[in-house]
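Residue numbers (our numbering), protein chains in the order written: chain A, 1 to 302; chain B, 1001 to 1687; chain C, 2001 to 2213.
Derived from the structure by calculation, the hints contain no laboratory data. From the three backbone atoms N, C-alpha and C, an ideal C-beta is built for every residue, glycine too. Be aware that one or more of the hints could be misleading.
Said to hold, decoys possible - DSSO-like cross-link-like pairs, simulated, lysine-lysine; straight-line CA separation at most 30 Å: (1) B/K1143 with B/K1055; (2) A/K26 with A/K46; (3) A/K46 with B/K1054; (4) A/K26 with A/K50; (5) C/K2111 with A/K151; (6) B/K1143 with B/K1054; (7) A/K50 with B/K1575; (8) B/K1142 with B/K1054.
Claimed, not checked - Chain C stretches covered by chain A per the calculated footprint, using a threshold of three residues with CB under 8 Å from any CB of chain A: (9) 2096 to 2105; (10) 2132 to 2145.
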Amino acid sequence: MIDTIIHFSLILLMPPLLLGIIGKTKAAFAGRVGAPFLQPYYDLVKLLQKGSVFSETTTWVFRAGPVVTLAATLVAATLVPLGNHSAPISFTGDMILFAYLFGLSRFFTTAAALDTGSSFEGMGAAREVTFSCLVEPTLFFALISLARMSKSLTLSTMLTYTSPGIWITAGASMLLLVGALFITLLAENCRIPFDDPNTHLELTMIHEVMVLDHSGPAFGYILYGAAMKLFVLGAIFMNIALPARTGSSLGDWGVFVVGMILLAVLIGVVESIMARLRLIRIPQLLIAATILSAFAMLLILR
Amino acid sequence: MSYDTSFHSDIYGMHTHTESFMAAGWQTTDYLFAGMVASVVLFGISGLPGLFIKKPGWGQLIATGICVIAALLGTGTAVQTVVTGSSTAGYLIDWHLPFGPCEFSADPLSALFLTPLFLASGCCAVYAVAYWPAREHPGSEKKLTFFFGLLSAAMALVVLARNGVVLLIAWEIMALSAFFLLTTDQRDPDVQRAGMVYLIATHIGTMALFILFAMLRGTTASFAFPVPHSLSPDLGVATVILVTALIGFGAKAGIMPLHIWLPSAHANAPSHVSAMMSGVMLKIGVYGIIRTVSFFSLPPAWLGWLILCLGGVSALSGIALASAQRDIKRLLACSSIENIGIVFIGLGMALIGIQTNTPLLAAFGLTGCFIHILNHALFKPLLFLGAGAIIHATGTREIDRMGGLSRRLPRTAPLFLAGSLAICGLPPLNGFIGELFLYLGAFNDAISSPLPALALVAPLLALVGGIAVITFIKLFGTIFLGSPRSPEAAHAHEPPLAMLAPMSLFALFCLIAGICGQLLLRLVTPAVASYAQLPPAIIDRMESSVPLASFTLLNLSLLLLILAIGLFYTRQTVKLPCATAATWGCGYLAPTARMQYTGTSFAEMASNLFAPFVTVSRSGPSLSGPLPAAARFCYATTESILDRVLIPVFQAIGLAFSYLRRMQHGQMHLYMLYIFATLFVLMMWRH
Amino acid sequence: MGSFADQLLVLVMLINFVMLGSSRMALCIRAVAVQGVVLGLLPGLVHPFSWHLAGITCGIILAKGIVIPYLINDAVRKAQIRREIEPFIGYVPTLILGAIFTTLAFVFAEKLPLAPEHRELLFVPASIATLMSGFLILTTRKKAISQVIGYLVLENGIFIFGLLLTEAMPVMVEAGALLDLLVGIFVMGIVINHISREFSSIDTSRLRALKEE
């Protein structure tokens, strides 16, 4: 029960903190002080109190976009184990529902973008769906590898199964998996080197350009949903990359929180030292990630 | 199989002995069978009154009424048959035709295919009243109504027939009625061309079926279907029978190299006919393959893998092609190829499972295959009927000329959205349930099997699902969202209730089936168990290993959450100030509707990635100087497999046959000579 | 130590992908050097220690990791090439082909009649996969330098196979192979220089111009 409460409070409260840490890390690299860690929370509160501007061309689809996206992400978040703790809801085949819930949220985000009738937002939407369609196979190759290793078909068992012992016996395939999943994590969350969340040059953006016309509370939902997506995918990544176990329930929660903070720092470092890829290079990197995870599957299934 | 009731119809005496019909002791299954037969007959005759009524409109209304009654009766009895899970007895019509008595029967497999058939027929008949009103189309309405009923009846007969020749007759009636329906708009050259291609393709398929049934007759010495699982797969003819079945039935199903007729035929038929063809008629081809395989005691090893590969290729190339289309109905037709591919993937998995004696794999594969068949028969008609409503409203099939229709068609838009979500397999709609079983089959195989090549099905399905999202977000977005790109789109109008009602029914079923996957599973499991001869324990194991109740719970909580956040959001926006303005033009001050991203530009990036399936051709002048003159740019996508493989092959064949043309010179006496020579040869033939 | 050797072999196969997918000459050369060093470490992991083995290891690392890459680098600098610009098949298709060939390599390795102690290890599939990647580079790239790299990868694949077959390889055989390679590189280097001087390009597909009409 306590674990469930902690799970829900973490998925509800922690996501914006990751954004704050990423921002702080980047600021540190650039030699600036940077915004405070809690800045994303302030932003959210501010946005929720603001009025909205709606474009004349938009319809109910535009308003439904952020709502459905946030709801789907929330449901997906209940399926993911955090650290060594199983998810509150876990059943056979939940990993497929998990993947498809993100598909649902993507459908509505892009639909809302197209509803504005802006060519730039159409551009962003086209990029988003094309790139994420290349990410899907990577995710499934990884899921199959994990299912084979843990002999299980639930996300919780698959992800809590990893232990330091596996890293020693199947290190190569784990390394490949982690590499592929990290690329997936960056691509799905539109981070550098795929997309720059801070840029304001519409021609080059993916996610940010899709939500240009959203304002007020709706934009708050979008930011919150995006942070939660980062948190959820990050939790999956950390479960595989850092299978540290303390033995005590609270200790595991501590390890998990520290792990997530480390992940945010890592993303911040990557964003600071890498440049954005040229748009035509992105499919290449995504296919490379697919090959990595396919290779991992091959080694594990062998 | 016992023939406890048989009615003899003496074709020469033109009277029927119905004594045995009257006999007491009818079982429930007999009533069910009688219901289905009655429904078939009703469909068959539904168009007849209209042929004799001069005043336009009444015939169509009468036909629609009959169709609705037939559909209610048929769907009810078919569902009942499926759920009870026991096959009805065979019913024999013992006539004196050379091919022997003809037999009909309905087992769970037949009833499973009949359910969506009857449902779609009824809905499409209602739709036709508003879509093709007799007042506006006095010339073609009678033909359309008559053949529509005949098509439904013929398809049902194909599924019920247990005799090769009867099946072929019904098959031919089905193919020809579909041809006449397809060429309703016969003055349009595109339609003529599509009709010709369809006719040739379907007859090539029929030719293969002739060989198939001749071979079967050679093996069993009767045109009646052999008892299920009675033939040995090691026979020499087994390969011929299975390959001809794959070609003959596969051509109707639209599997990848045999799909040439499909996009243009579906695109040019009236929308409710496309809905029938895509939602139901393709499945009849799948049914044929499934039925033929059931004659053999064990499917040969190559068959499962071949069907799986064909399915994979069809799924991937079908959706890649669909993503590049600009014509709304052609896009939907290409996506039918994809869906048939998914069905074949499931079937292939099941056959491999049966062959290698891994019953769980067989159960998952077959369940996924059957559920997807049902699902596709729900969402594809919905989308085609929606496409009809859109074409009705705008008068064009080019999606790049539409836009902003969700304002003009506020009721059609959510229905079409539901169909799009369902076909992408997104929860909480029904497409997800079928794919779930295929995924779980692949994952189970990855966990337990020593050489789990089948695990590759999961990433493949994921990729196909990803492209499906591109395709349908493009379709929905370009048609309904943004602002109108042409005056036609700006003055579109909502379709009448008779068109909306069938669509709403389909959408409702999609939602219910998506949330309560158990319903679908319950419909499908009897057919799965009886087809793959699985013990109940395996079915129970499969059912218990897929906690559909949890999926229901999560789907419901998803809907509730959407509702809750939506309500919260609306309350917030009411309280806070709210303004309207033009869309942010990114600094450009005078954006026009034509500057929006079109469907073509939306899919351009994806089309480039799928170059093996989609050939992109661009033509335009090279621009020079600071102020270039006005120029035209043309961007077209064509089908790579068609362009690079099929057309060259057909050209080569055409060249080879051009020599034969010399025999056709128009001289009557030489033709007589041919006939005489043939006769002579036949007489000389050793008997 | 079998599992550690396996990890290194996975690394070798990944390096194949790097070479298949990258257009930069410098990166390819560096990758092939790393691959050589990794391969040099392998004999030490699978065979018990001996001075003879240490000699071989040093020799291989020196040759594959330092000398040969240096020579190729030199040639690249002289011919002033930075990228393979127009391969016969694009980079993404080559990558996918590479993935397919690697999978096939595993399938072939299953089929080969191997000693049971070799079946568990990755040596055979890694060897076949590397061999095939070498062929792939040789067939899809135009520049002579890329072909040299492909040739090196090919040789690495054969080397991995050789690791399994002999308990401790006779020095002479291995040395002979390396010498062959070295001569090959020299010849290539000279040829490249000549082609580059004559045609002011080292595109091998233009060698057709030498054909007698």
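Evaluated hints:
no. : hint                 : result
1   : B/K1143 with B/K1055 : holds (14 Å)
2   : A/K26 with A/K46     : holds (23 Å)
3   : A/K46 with B/K1054   : violated (71 Å)
4   : A/K26 with A/K50     : holds (28 Å)
5   : C/K2111 with A/K151  : holds (26 Å)
6   : B/K1143 with B/K1054 : holds (13 Å)
7   : A/K50 with B/K1575   : holds (10 Å)
8   : B/K1142 with B/K1054 : holds (10 Å)
9   : 2096 to 2105         : holds (count 5)
10  : 2132 to 2145         : violated (count 0)
Figure legend: structure checked against the earlier numbered hints; hints not met, in rising order: 3 and 10.
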